[in-house]
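Using the sequences plus the hints, can you model the full thing?
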Amino acid sequence: MKTGYRLPEVTFHTRVRDESVGGPNPFRWEDLTTTSYFAGKRVVLFSLPGAFTPTCSTYQLPGFENGFADFAALGIDEIYCMSVNDSFVMNKWAESQGLSNVKVIPDGSGEFTRRMGMLVRKDNLGFGLRSWRYAAVVNDGVIEAWFEEPGLCDNHGEDPYGVSSPETVLAWLRDAAKVEAA
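Numbering (numbering that gives the first Met the number 0), first residue to last: 0 to 181.
Read the hints as simulated data drawn from the structure, not as lab findings. Note that the structure is a prediction, hence the values are computed from the model and not measured. Take these hints with a grain of salt, some might be off.
Okay, derived cross-link-like pairs now, SDA-like style, lysine to any residue, Cα gap no bigger than 20 Å in a straight line [stated by the list, open to error]:
| no. | residue 1 | residue 2 |
| --- | --- | --- |
| 1 | Lys102 | Asn138 |
| 2 | Lys1 | Ser164 |
| 3 | Lys1 | Gly116 |
| 4 | Lys1 | Leu118 |
| 5 | Lys121 | Pro48 |
| 6 | Lys177 | Val42 |
| 7 | Lys91 | Pro61 |
| 8 | Lys121 | Asp85 |
| 9 | Lys1 | Thr33 |
| 10 | Lys102 | Thr54 |
| 11 | Lys91 | Gly22 |
| 12 | Lys40 | Phe146 |
| 13 | Lys40 | Asp139 |
| 14 | Lys121 | Pro61 |
| 15 | Lys1 | Gly150 |
| 16 | Lys91 | Lys1 |
| 17 | Lys40 | Leu73 |
| 18 | Lys40 | Tyr4 |
| 19 | Lys102 | Asn65 |
| 20 | Lys102 | Asp85 |
| 21 | Lys102 | Ile142 |
| 22 | Lys102 | Leu6 |
Label-pair ranges, simulated between beta-carbon atoms [stated by the list, open to error]:
| no. | residue 1 | residue 2 | range |
| --- | --- | --- | --- |
| 23 | Pro25 | Ala71 | 24 to 32 Å |
| 24 | Ala71 | Asp122 | 36 to 44 Å |
| 25 | Ala71 | Arg114 | 23 to 31 Å |
Note that beta-carbon positions come from the ideal geometry of N, C-alpha and C, so glycine has one too.
Written out as structure tokens, the structure is:
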């Protein structure tokens, strides 16, 4: 369990849209840190094996995107999707998914994922190093709740999904809100 754990401080190399750049690819580099993303906010962070992969693109990401209002009603300021993919891939995936609520975080080198203890080998699928699937509720950089798929290991033969689903995280937030209100 990582509840109570402070997120590791790393720098993420992102590409952000900037119309002043001009041309067909109006993006510039912008380095953002863990603090940039998480300080002073209560967020849901979910991490997955890869952009454009079936479970991630069909269930997990759309579920968080479409459920954003429900999360916001329970005190969530932002929802972040992280993967061990570079910013170019994450931005293109966000565009292809039509995201307006979930923000993507590129962990291109896997440094954040490694320091979280969630970096696994997926050589059996030709992916190399990737994130194990998990989600967390993070309050001001500290993990409030942790949702890790079972079987964390290198070259897992399956892609477990359920524990880190939007439905599971939302159910936890609803239960926590009831306890807090009581």
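Inset, instruction - For the pair supplied as a hint, Lys121 and Pro48, confirm whether the alpha-carbon distance does not exceed 20 Å. - result: Distance of about 9 Å is within 20 Å: holds.
Inset, instruction - Given the hint that Lys121 pairs with Asp85, test it: the Cα-Cα distance must not exceed 20 Å. - result: This hinted pair holds, its Cα atoms lying about 17 Å apart.
Inset, instruction - Measure nothing beyond the straight line between the CA atoms of Lys1 and Leu118; if it is 20 Å or shorter, mark the hint as holding. - result: Judged against 20 Å, a Cα distance of about 15 Å means the pair holds.
Legend entry - 20 Å limit on alpha-carbon distance, applied to hinted pair Lys102 and Thr54: Status holds; Cα separation ~18 Å.
Legend entry - Pair hint outcome, Lys177 versus Val42 [Cα-Cα no greater than 20 Å]: Judged against 20 Å, a Cα distance of about 19 Å means the pair holds.
Inset, instruction - Measure nothing beyond the straight line between the CA atoms of Lys91 and Pro61; if it is 20 Å or shorter, mark the hint as holding. - result: holds, 15 Å
Inset, instruction - Given the hint that Lys1 pairs with Ser164, test it: the Cα-Cα distance must not exceed 20 Å. - result: holds, 18 Å
Inset, instruction - Quickly compare the C-alpha distance for Lys91 and Lys1 to 20 Å and report which way the hint goes. - result: violated, 31 Å
Legend entry - Pair hint outcome, Lys102 versus Ile142 [Cα-Cα no greater than 20 Å]: holds, 18 Å
Inset, instruction - Quickly compare the C-alpha distance for Lys1 and Gly116 to 20 Å and report which way the hint goes. - result: holds, 10 Å
Legend entry - Distance restraint between Lys102 and Asp85, which requires alpha-carbon spacing of 20 Å or less: holds, 14 Å
Legend entry - Agreement of Lys40 and Phe146 with the hint, judged by alpha carbon distance not exceeding 20 Å: Judged against 20 Å, a Cα distance of about 19 Å means the pair holds.
Going down the numbered hints, you'll see the structure goes against 14, 16, while the others check out.
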